[in-house]
Amino acid sequence: MGTLDALVAQITALSGEADLPQLLNQLKSNAQDNVMRQSAGGLLAAVAGLDAAAHSLGCLHLLEAKARTTNAQQGDREFLEAACRFLPACTPHQVCMAPEKFAALCRAVKAHCLALGLPKRGVAPLRAAVAKLCPSPDHLTPIHADFFQLCLLSKCYGAAATLVEADIFTVDPTLTACTPTDVLLYCYYGALIEIGRRRYAHALDLLLTAITAPTMVLNAITLACLKKFMLVSLVHAGAVPQLPKYTAPIVTRAAKNECGAVAELVKLCTQDKSAAELAAFAQGKQAEFEQDGNVGLVKLAIEGHAKRQIQKLTQTYLTLSLADLAQQAGLSGPQEAELAVLRMIDAGEVHARISERDGMVHFLEQDEAYHSEATSAALDSLIGRSIDVAAKLAAFDLAVSSDRAYLTKTELRSQRKADVDQSGPPPEAPGP
Amino acid sequence: MEALLASVSKLIDSRQYDEVGIALDEAELEDPSALSSEQWPHSLHLLAHVYAGRLEDARFVYKRTPEDRRQSSPELAAAFALLQRLWVKDYQHVWAALQFAWSAQVAPLAAALAERLRSRQLSLVGRAYSTIGVPKLAALLGCSEAEATQAASGEGWAVGQDGLVEVKPPAVGAATSSAAAEQALQRLASYVVHLEI
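Sequence lines, in order, name chains B and C. Residue 204 in our numbering sits at position 204 of the first sequence, with consecutive numbering throughout. Residue 115 in our numbering sits at position 115 of the second sequence, with consecutive numbering throughout.
Hints should not be assumed to be uniformly reliable.
Now the stretches of chain B that chain C is said to cover, found in silico as 3 or more residues with beta-carbon under 8 Å [to be verified]: (1) 60 to 70; (2) 189 to 203; (3) 352 to 364.
Quick partial rundown of chain B residues pointing at chain C, CB under 7 Å, derived from the structure [said to hold, decoys possible]: (4) 120; (5) 124; (6) 342; (7) 343; (8) 344; (9) 385; (10) 388; (11) 389; (12) 393.
Simulated from the structure, these hints should not be mistaken for laboratory data. Note that the Cβ used here is the ideal one computed from N, Cα and C, for glycine as well.
Isolated chain B, as found in the complex (with noise of 0.2 Å):
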């Protein structure tokens, strides 16, 4: 049993790098978790003397222990204060070495900031701890969920911008301590950052990829992500697709029984109603819309619904004029149709000509001319990006065939099935 003092002087001396071993082994030790315990009211002033960068590790376990014995219901702004000023300025090599002990003081900032209710003075921090955690950007860590989830509370959408736009490959819980609820609060805060940012395709990726994760319960993340997907569906392209054939049945079925008004919004509008009507029904489940926070994405599906009709008159007809636009899709005149359809022109969603001599609307094929330089660069890029996935994928491939519980199960399998074939039914007799 030591003094804190005596702890202190240890990390300092044993902080080069052929010590660092022996030193997580220290600080591991259940002697040393007991005297940082019981010195609670002194580990801030510990920390404070020692350095960051040198002393990674040492200041990594104080603060985590500190963050153990605080109240994350109050908040502790000094404790708050000390781990914002630690993070940024720690050494990746050093913390990585105690991968939960980090995760683990880095939700209890996300705890600190929220109690306090001060989200935004976590979000600078926890976006350098990331850095520091990540071996490489195509991995998963906890913090990635926190991160997202100060964000979103403090409506700094664009500072999770780079993060939340790159493409995660890695999920490696040994270097990471990534849980399965880690991963599924990824994809869902991660979701509504793209939501936020308008950026439908990639959110409806992220959310797919939550609904897709193998599970045998329904979880409250998953049944959120089904309901935001179905909505984000809606507004994006008018429907719902069909949920992949790997999706958990568990799932499945919950997309048709759980979703309450949400699933009723879907088959309304796949039934061709009209706006006002289904303005009127989502006005009538307004309390349980609120309660899932899905307000705001039912009145961008009603308003899609208006452009999605437009949008089918191009399949139909060749020219139109305004006048049988407005009153084909709904709208109140020739001015609104015209001003709808520039819209839409200007967001690339509807290819078309205005002729104001005749009032009319050409719709025209999509009559881009691909030998233009720009999309043969377009389409190098995607090439390029898919070789480097397909590239991924074959190492994945590997990894997965070498690994020894694949192997001891394929192996028992195979063997059961051998055992089947002999005991089962003799060969045939020879015909005469």
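Use these hints to put chain C onto chain B, whose structure you have.
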């Protein structure tokens, strides 16, 4: 905060308006209570994001600004009104919203924004209309009819007798040069190799 805002002023002076929004975002994260301070250039922050085409980020700047700052700055209210017009793509009323007595800090950005909007509208008209009347063109471009006719002739569109402009679709890009063609061949070869494996 002065140091952070000084770097932003330098960006404005060198006309790198695209970077102003991001610089202000980073400065705000350094000092979380920045938006509540009176010295913070709220309307500049909002318009910088609008200039870079990030309407969502501009909207969130407004949402993050506390209520008292919003009430006390008519310039911020004008900037938000402009954002609202751009958000719903109300092309004609955007110009009325741009006509505001912007402060000295914001004025160059507002002028640059007007330029950018005008050229974007012109290319939109090029894509969307086969014939358009001069008054409507002037309303979309936010300028007088004479200036609109000038802009139309600048794009190579003929102005007819009846006051209608014949809009020609934008020409397709020229064919690639030989060096680019060689590189393309190289890339194709590597794709075929990859597919064979």
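These are the hints, each one checked on the structure:
1. Coverage of the segment 60 to 70 of chain B by chain C is violated [criterion: at least 3 residues with CB-CB distance below 8 Å; count 0].
2. By the rule of at least three residues with a Cβ nearer than 8 Å to a Cβ of chain C, the coverage given for the segment 189 to 203 of chain B holds, with 3 such residues.
3. Figure legend: the segment 352 to 364 of chain B, annotated as covered by chain C; annotation consistent (7 residues with Cβ-Cβ distances under 8 Å, at least 3 required).
4. Against a cut-off of 7 Å between C-beta atoms, the interface hint on residue 120(B) holds, since the closest Cβ of chain C lies about 4 Å away.
5. For residue 124(B), the interface hint holds, the least distance from its beta-carbon to any beta-carbon of chain C being 4 Å, beneath 7 Å.
6. Here the hint on residue 342(B) is kept, as its CB sits about 6 Å from the closest CB of chain C, short of 7 Å.
7. At about 5 Å, the closest approach between the beta carbon of residue 343(B) and any beta carbon in chain C falls short of 7 Å, and the interface hint on this residue holds.
8. At its closest, the beta carbon of residue 344(B) sits 9 Å from a beta carbon of chain C; the interface hint therefore is violated under the 7 Å criterion.
9. With its C-beta approaching chain C no nearer than about 13 Å, residue 385(B) sits outside the 7 Å limit, and its interface hint is violated.
10. A least Cβ separation of about 11 Å between residue 388(B) and chain C goes past the 7 Å threshold, and the interface hint is therefore violated.
11. Interface hint status for residue 389(B): violated, as the beta-carbon distance to the closest one in chain C is roughly 12 Å, over 7 Å.
12. Here the hint on residue 393(B) is broken, as its CB sits about 13 Å from the closest CB of chain C, past 7 Å.
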